[in-house]
Amino acid sequence: MINYLLKGNIGLFIIIYFITLTNLFSQVDCIPNVNDQYEWIQECIINDVSFKGSRNDGYNISEHQGVPIIGNTDYQLVLTPGYADIRVKLGWAIFVDFNKDGDFDDNKELIVQLTPEIGTHTINFSIPSTGIVSGNYNLRVGMKYYDIPFSCSYDEKADYFDIPIELNTASTLEVNVDRKTENSLHFNFIDAPSQRVLEIRDKYGVVFNTVTSEDVVNVTGLSHNKAYYYKCKREGEQFFSDEKMVTTLPTNERYKISNNISTPLSSPIILTDPSNYGELYKSRENIVQRFIVDDSLFIGMYVNYLDLESSRDYLVATNQKNISSKTLEFYLSGDNANGRWIFSNSSELFLTFLTNSSKQKEGFEVVLAPMRDFDQALTLDTHDTYCVVKWENEQQEEYTIQLYYPSNNTYRTYSSNSSQILIDELSKGENYEVCLRKKGTIYTPSQTFKTLQSPPKLVHKSIYENAVSMQWSYDGTGEFEVFMSEGEFSRSFVTTSKNITISDLLPSTLYNVKVKEKSSKWSENIVIKTPHSKIEKMSSDTLFISEVTHTDPEGINSFYSKNQEVIQVLRPQNEGEVLEIDFIDFFLEPGVDYLEIYDDNDVLITRITGDYYKVGKLVSTSESGGFKLKFFSDYSTVGIGWVMNISSLRKAPQLLFSSSTSESIAITVDADSTDFINYSIYEDDQLLLSIIDNNKEVTFSNLSEAKEYEVRFNFLHESEKSSYFVSTKEEMPQVTFKGSYPTKAYFEVENWNKYDSLIVSLNGNLHQVVSEEILQLENLEGGKEYLLMIKSKGSNWSDTTKFTTLNINNVELFSLQPLSEIRSKGIQTNLLLSVDTTNHNIHPNAPLYLKVFMKGLAESYEYRVRNDQRTIEESVFSCVIEYEQLIKMNDIITGLVVDLVDNEGNTVMERDPYYLPLPFRVLSTSYIEQGDEKISINISNANQINEVLLDGEEIDYELIDNIISIHLPQFLGTTQHHLKFQNDQFFDEVDFKVNGSKRLGIPELSTELIAEQLTVSLSSIYGASDYQLMVIDENRSSEIYVVEGGQIALQLSEGKSYAVKSRAFFNQTQEFGDWSNEKRITVLEKEVELLEMSLIGHYPGTQNPIRFSRNFISKPNYWLYDNQGILIEKGEISQNQLNHLHLKRGFYILIVKEGEEIHQFSIIR
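In the working numbering, each number is its position in the sequence shown, counted from 1, plus 22.
Just so you know, the hints here were simulated from the structure itself, not pulled from any lab data. Check each hint, because a few of them may be wrong.
Cut-off 20 Å, straight-line C-alpha distance, at most; resulting in silico cross-link-like pairs (SDA-like, lysine to any residue) [claimed, not checked]: (1) Lys1083 / Phe1094; (2) Lys461 / Gln424; (3) Lys450 / Asp497; (4) Lys472 / Ser440; (5) Lys253 / Asn205; (6) Lys461 / Leu480; (7) Lys461 / Ala399; (8) Lys551 / Glu740; (9) Lys538 / Asp624; (10) Lys111 / Leu480.
Cβ-Cβ distance ranges computed for the label pairs, FRET-style [stated by the list, open to error]: (11) Phe1094 / Leu990: 38 to 48 Å; (12) Gly761 / Asp954: 51 to 61 Å; (13) Thr401 / Arg223: 42 to 52 Å; (14) Lys639 / Lys74: 23 to 33 Å; (15) Asn852 / Val792: 36 to 46 Å; (16) Gln1092 / Ser1184: 28 to 38 Å; (17) Asn1099 / Ile1032: 41 to 51 Å; (18) Thr1029 / Asn963: 53 to 63 Å.
Cβ coordinates follow ideal geometry from the N, Cα and C atoms, glycine included.
Produce the complete structure using the sequences and hints provided.
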């Protein structure tokens, strides 16, 4: 809050004010007295416990014994308001009377604040309980019209609910470890004597638990160098204190400090003063002992216990034997170093124990251990009273963080397995040092940081049309930076003054301002609203407003006068507008001077007094669109009054018409086509969709069935909104015609159990029926057409169903139909057997019975009708043929033989018993192997089938004597296939397998080469769906082509050699067959001719090359014969030349094989 300057006796006022508050809230008769007739707390749900509120003069008290709440634990809180009329914005607050002084105004007693919104709030909240003792407390829920409520209010539009809670918190009992050894821990409780519970565990479970009233507990039998976790509580408390960790000493090697000896350290040891445990050390001791480790290591010293006479007795650490300022590393005296690690600067350390001749104490006990060097970067995020220290720790190792406060020479240590830690409770503007280590290492070099100062605090401001003056307080002087922003615009100033005026501001504009000193944090944002150009002081005259800044009677930036009582009516300038109040500034003498705002009916909207606090914008809901203001000041202290901007807003459009379906809402508003309107729809106060449109009709789609939605709309750039609640319809019932008789008809209703009752429209006549799965219509006329629609109470009408009742002359005596549509193999549903006696000469009250036989392939079986002794008194009656009874027979049941009999079992029909075939049923299928062209299926009542599907696709079939024959595609062996047989009402299905081994054929290929075009033809393969051709060139690079229609033509290159092969693809099994053998193809440029023949030389070694007209496609083989046909030489030819040595004169034959082509040449030398 901002503290404003007061005029008058401020000190006297403050004393009177706080005395008044103390008397007023000294007990829980701080009972609010407010107006909850228009808005009230309808329900609060805390920890799944519901509390129902009511209109009760603004105050409800629960008689619950106490809602169980665990401190610092999240719970869901649901706050639901009740509205008498228009749904308006409401603010909420939650308080807990922690100190049980009867009020809710003390520090930290405000738990939750929720800014004003329409409708239900659902949030997660927790009750902070650090330092709070478990017990019963009073929780208060407050709600206020357009504002956040105080803990207690009077004469305002608000409501309050007090709810007892049973708060369970962590114990506040403290226990410290003041001494430890390698196998024991010494605990000391810090509180008044009482029964206490101490529990110690290692990471595997509890190792020690005791109930004691002793202040000191010594736990022995522990393991050395092991982490233990301890916690405590008072007996009777539910929760322990927060758990802490301690580690026992790492060794059981214990030595007394000895003079003039050198001790190498390879593992930890315990070093004590020369006295025994519990004894006092001697006076005038001067003992020096040297400790050394490897050159790469350092020596760490953990102070387990220290009790020396302060500033007289010392334990001194030096890097040489003599003690001087140059050799000193650290020293200990007194008793304030317990629990600290201290490290040498080298691998050698001299410890000197010095005592004087006066008072002796118990001495010291330290652990000495070799330590590795350690370097770890730290990142510091510094604030005023805390600092966040961060480091890398991907392996989640345990680190120790040490904080040193030089101002009072104190240390703090923390342990963490995380990568950061928050160090709080620091002093502002002070220097600190922090370092880090992990097990077995020394501390990193210390990093120094300085905490920030508290930010400047605004104490006064004056606001003008285009300027603002501000004054702030700050401890000491400094250089201040002022930052102001408005939207994307911002500017800043630097000044050494604590007063500043910012000018060149825009009227009626919101600015954010914050201030900091260069060594402090930023202040909180200060919201400043500049006034309108026109300013009006409050008077008794009615004020008609378009846009104005309204102030107390003395005007802006002035103190109002004493003993004033002014009433003023505010009205909008034009008809069809409403006023909106937006407060800029406010301060009246708290609890004494006040401003009241009323509606047209003199109903109090809000009463404002005291210091400025955030008041939400108020929009008039009065018919006139205005407000009535009442201002009162007494004879004593005065303040600066108020400043508020008031604007006329165009009234929001009103709803003319709304309609809905099960998934959409359509609305029509009274607006012109030139008006752009912002439409929004909310579900449970959550925005679903916003639309900006100049159409006065809009539809919201994809909504939930039978759900209430809130629709809000306003003219674009106007804040005044209309709000209406519209519900979607229930999904309209779907009805399916199942059958009719001359006087009755039956329909199946989908999702019938969603509705309690249905409204039926039959040829325009309405009547209501109970919602059932089967809708039965009676008293109909035979052979007549009817139009049926049905709806539920909250749905639209269904589509129209047209049906015609049976002609009275063509009625079938019996019918058989399923109770539900059959959607699985066979007749897996009960069947309804019905009879209509309307047109037979049978008295309606005559005792009749159904007699039923099941007709099978082998014989017939009597079916015992359930309740077969009942007397039928209606024209249509029925019985259920149960599926379970049908399938128990060791026969194939093909139909039912039914009869109507009297008491003596004699038929009463004028014809033979009536045969009703059951729905068709698959009995068997023929055996199929790969290559078979047809499958036969034996089906009972097959003449009822009107469609057959093979693997989901309709297929032609032949029917002869209940045998259906189907011509099959080319199915491969071992593949599975599915047949489905159906009509409009039933279906049956069967799976069959193509037996035998699967045979994947290989297509044969034939080729024809004309010039450079190659035509390849492939033979057809059974079951194949596609074919592929692979073409391989002389470099063994290949390309695959899809062959359609069994043939493909390819263009090849001259002078190249190719190979081709083919294979088939089988879509049924998604696999390829094997490739065929390769077939070689050679494309020549022209016939090979001899180019040149050299004469035979007469000199040994002469070469006689034979050249050809072109290079060969590949290295061909050659054979050279003499005139007797004797082979002289064979081999390969490279490129276009063949060399021979010493070829004699004569006649020769040269044969060359290039690919599949043979060339023969005659050579004469």
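Results for each hint:
With a C-alpha separation of about 14 Å, the suggested pair Lys1083 and Phe1094 falls inside the 20 Å cut-off, and the hint holds. Between Lys461 and Gln424 the alpha-carbon distance is near 13 Å, which keeps this suggested pair within the 20 Å criterion. A C-alpha spacing of about 11 Å is found between Lys450 and Asp497, which places the hinted pair at or below 20 Å, so the restraint holds. Annotation: proposed proximity of Lys472 to Ser440 is violated, straight-line Cα distance about 24 Å (limit 20 Å).
For the given pair, Lys253 sits about 19 Å from Asn205 by alpha-carbon distance, which is consistent with the 20 Å threshold. Of the pairs offered as hints, the one joining Lys461 and Leu480 is violated, with about 49 Å between alpha carbons and a cut-off of 20 Å exceeded. Restraint check for Lys461 and Ala399: satisfied, since their Cα atoms lie roughly 17 Å apart, inside the 20 Å limit. At roughly 19 Å between alpha-carbon atoms, Lys551 and Glu740 fall within 20 Å of each other, so this suggested pair holds.
Restraint check: the Cα-Cα separation between Lys538 and Asp624 comes to about 46 Å, which exceeds 20 Å; the hinted pair is violated. Taking the CA atoms of Lys111 and Leu480, the gap is about 30 Å. The hint is violated against a cut of 20 Å. Between Phe1094 and Leu990, the C-beta spacing of about 23 Å breaks the proposed range 38 to 48 Å. Separation of Gly761 from Asp954 is about 42 Å and departs from the stated range, judged on CB atoms against 51 to 61 Å.
About 34 Å separates the C-beta atoms of Thr401 and Arg223, a value inconsistent with the hinted range of 42 to 52 Å. Checked against the hint of 23 to 33 Å, the pair Lys639 and Lys74 passes, with Cβ atoms roughly 31 Å apart. Take Asn852 and Val792: their Cβ atoms lie about 22 Å apart, and the range 36 to 46 Å is violated. Under the hint 28 to 38 Å, the C-beta atoms of Gln1092 and Ser1184, about 59 Å apart, miss the expected range.
Restraint check, Asn1099 to Ile1032: a C-beta distance of roughly 23 Å breaks the suggested window 41 to 51 Å. Our hint of 53 to 63 Å for Thr1029 and Asn963 holds, since their Cβ atoms are close to 58 Å apart.
Of the hints listed earlier, those the structure fails to meet are numbers 4, 6, 9, 10, 11, 12, 13, 15, 16 and 17, in rising order.
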